[in-house]
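Asker: Sequence:
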Amino acid sequence: MPQNLNKTTIDFFEMVYAVVRLIPRGRVTSYGAVANSIGTKGTSRMVGWAMNASHTARPKVPAHRVVNRNGMLTGKHHFGNNNEMQMLLEKEGIKVAEDKVVEFKKLFWNPLIEIKIK
DNA sequence: CGATTGACGTACG
DNA sequence: TCGTACGCCAATC
Numbered sequence: 000m001p002q003n004l005n006k007t008t009i010d011f012f013e014m015v016y017a018v019v020r021l022i023p024r025g026r027v028t029s030y031g032a033v034a035n036s037i038g039t040k041g042t043s044r045m046v047g048w049a050m051n052a053s054h055t056a057r058p059k060v061p062a063h064r065v066v067n068r069n070g071m072l073t074g075k076h077h078f079g080n081n082n083e084m085q086m087l088l089e090k091e092g093i094k095v096a097e098d099k100v101v102e103f104k105k106l107f108w109n110p111l112i113e114i115k116i117k
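All residue numbers for the first sequence refer to numbering that gives the first Met the number 0, where the first residue is 0 and numbers rise by one.
Think of the hints as simulated: they come from the structure by calculation, not from any bench. All values reported here derive from a predicted model rather than from experimental measurement. Any given hint could be a false lead.
Taking CB as the label site, the calculated pair distances span [to be verified]:
(1) GLY41 x GLU113: 26 to 36 Å
(2) LEU111 x ARG44: 34 to 44 Å
(3) LYS90 x GLY38: 25 to 35 Å
(4) ASN109 x MET71: 10 to 20 Å
(5) GLU102 x THR73: 28 to 38 Å
(6) LYS99 x ARG44: 15 to 25 Å
All C-beta atoms, glycine included, are put in the ideal place defined by N, C-alpha and C.
Model the full assembly from the supplied sequences, consistent with the hints where possible.
Answerer: Written out as structure tokens, the structure reads:
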């Protein structure tokens with residue numbers, strides 16, 4: 000993420016979206032990790048809030064790649080169907096069982112690693 | 001403008 | 001391991 004992404008010039012939501020769009024296909028991350036990556040540590044709940052409005056964002060944000068710390072698909076109800084989120088993940092090769100990402104620890108993508116370069 | 005609310009996270013028992 | 005409690009902070013009511 001470019002360094003011009005600060006909350007004074009760019010909306011908090013846009014920062015969240017920018018990070019989420021960086022998530023590679025077939026990988027997932029957590030709300031807290033996204034919050035840390037944009038500098039606003041401890042605003043993990045706001046990341047979820049941003050995702051709530053993500054369906055109005057353009058281009059669309061791959062919100063299905065963002066899950067909670069346990070790898071659970073807590074936001075699945077915010078998609079069209081209850082299975083929509085899981086379907087999208089499985090379509091990318093991510094296995095989901097019991098509303099949880101299988102091998103979440105292994106598929107976890109840390110935004111800080113990608114953004115630290117800047 | 002104070003109270004409420006969350007697609008969270010951590011601490012504690 | 002599981003459920004409850006609380007902190008977090010911006011948006012909304």
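Asker: Each of the hints needs a verdict: does it hold here or not?
Answerer: Consistency of the hints with the structure:
1. The given range of 26 to 36 Å is broken by GLY41 and GLU113, whose C-beta atoms sit roughly 21 Å from each other.
2. Under the hint 34 to 44 Å, the C-beta atoms of LEU111 and ARG44, about 19 Å apart, miss the expected range.
3. Taking the beta carbon of each, LYS90 and GLY38 are about 32 Å apart, inside 25 to 35 Å as hinted.
4. Checked against the hint of 10 to 20 Å, the pair ASN109 and MET71 passes, with Cβ atoms roughly 18 Å apart.
5. Distance hint check for GLU102 and THR73: the Cβ-Cβ separation is about 18 Å, which falls outside the suggested range of 28 to 38 Å.
6. Between LYS99 and ARG44 the beta carbon distance is about 20 Å. The supplied range of 15 to 25 Å therefore holds.
Comparing the model with each numbered hint stated earlier shows that hints 1, 2, 5 do not hold.
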